[in-house]
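Listed below, chain by chain, are the residues.
4 protein chains.
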Amino acid sequence: MTDSVSADCHPTHGYTPEKAAYLRRMRLIEGQTRGVARMVENDEYCIDILTQIAAVTSALKAVSLGLLEDHLEHCVADAARKGGPEAEAKLEEAMQAIRRLVK
Amino acid sequence: MTDSVSADCHPTHGYTPEKAAYLRRMRLIEGQTRGVARMVENDEYCIDILTQIAAVTSALKAVSLGLLEDHLEHCVADAARKGGPEAEAKLEEAMQAIRRLVK
Amino acid sequence: MTDSVSADCHPTHGYTPEKAAYLRRMRLIEGQTRGVARMVENDEYCIDILTQIAAVTSALKAVSLGLLEDHLEHCVADAARKGGPEAEAKLEEAMQAIRRLVK
Amino acid sequence: MTDSVSADCHPTHGYTPEKAAYLRRMRLIEGQTRGVARMVENDEYCIDILTQIAAVTSALKAVSLGLLEDHLEHCVADAARKGGPEAEAKLEEAMQAIRRLVK
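Sequences listed follow chains A, B, C and D, in order.
Count along the first sequence from 1, add 8, and you get the number used in this note's numbering.
Count along the second sequence from 1, add 8, and you get the number used in this note's numbering.
Count along the third sequence from 1, add 8, and you get the number used in this note's numbering.
Count along the fourth sequence from 1, add 8, and you get the number used in this note's numbering.
Simulated from the structure, these hints should not be mistaken for lab results.
There could be a bad hint or two in this list.
Note that the list lumps identical chains together, so a pair holds whenever it fits in one copy or between two copies.
[Claimed, not checked] With a cut-off of at most 25 angstroms between alpha-carbon atoms, the simulated SDA-like pairs for lysine to any residue come out as follows: (1) K111 x E49; (2) K69 x G43; (3) K90 x R42; (4) K69 x E101; (5) K27 x V71; (6) K111 x V71; (7) K111 x M47; (8) K69 x G92; (9) K90 x D56; (10) K27 x T59.
Throw the hints in and build the complete structure from the sequences for me.
Here you go:
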């Protein structure tokens, strides 16, 4: 990975609106997981806990798809423009992340 | 839902080893989501954040499958033994949870 | 698996409307997979092929959820009513099928 | 979509080894779906049918991931090199396909 490419390969740099939005979403998700722990603690109904976990999973999936889109748009596209083995490496790396998401 | 069935329809009652284990797992997951927020905050590499989110999703899926198994084993099986419309209602409710998991 | 339970453990017996419906759905799916092969043969646009494969996957998922619901309603519920190690074995077998679906 | 890009946007052109391999895989999948129909016809055990459907779904997922990788490597990367609104359009289109796969 050359520095010129890796420099573009972060979701956010410094304080951008995107970074603030991802942070806000991850903090909401953290709060939701705390809520699930509380539901377990209070012996709440299984199905209600499952519904709440499905909401967390769905929120995490949305964050992942957002990060993946940013990554393809910046890092992988930049590498494609430069070409060569790094373009291939970046694509293969992104494909591995997609495979994990799809699983 | 009759009270006699709903009484069996909680993942855990009082302090059981299962309840302690679910709580421990949810707290680990909460810590993992906090770790993801920190990675976003520190502008870490997208793919590494995606890998970490995949680990959280996978841990949540394992908790969901555990809770679902407990629920089928206790609540749905008890309702099946009693029969009648409640057995059907419990099964349909469980199927909805399975559909959300499969999505 | 005792014979008395396994006798209830088939999705359909003889010619039932459910069996006819599942057969019809599987034949539609077979036709869709043939359509995808034809799209590959005709060098059609990747994204269109992916869309068509997503439709097949979605149809297969719907068939699986239908079969699973029938199975829980008949085979697993019957075993639960009889109780004992077979009830547990049936549930564990169903959970493995659910885990494969969720993956 | 300009013609120069769309010309690169087919999984296979003429008779390539990749095209032959995708065709072979789709025909195997078609045969597997026919096998599932036969299992339904023969009143085979639900769980065995579910296992077989899971194998078909898994084979379709592998074909989709292969096609997606080819598509990102050729069509989306070519569009990225040319830049402009088409690069964005190709990426957004690929993201929609990924969202359908992840669902």
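List of violated hint numbers, smallest to largest: 1, 3, 8
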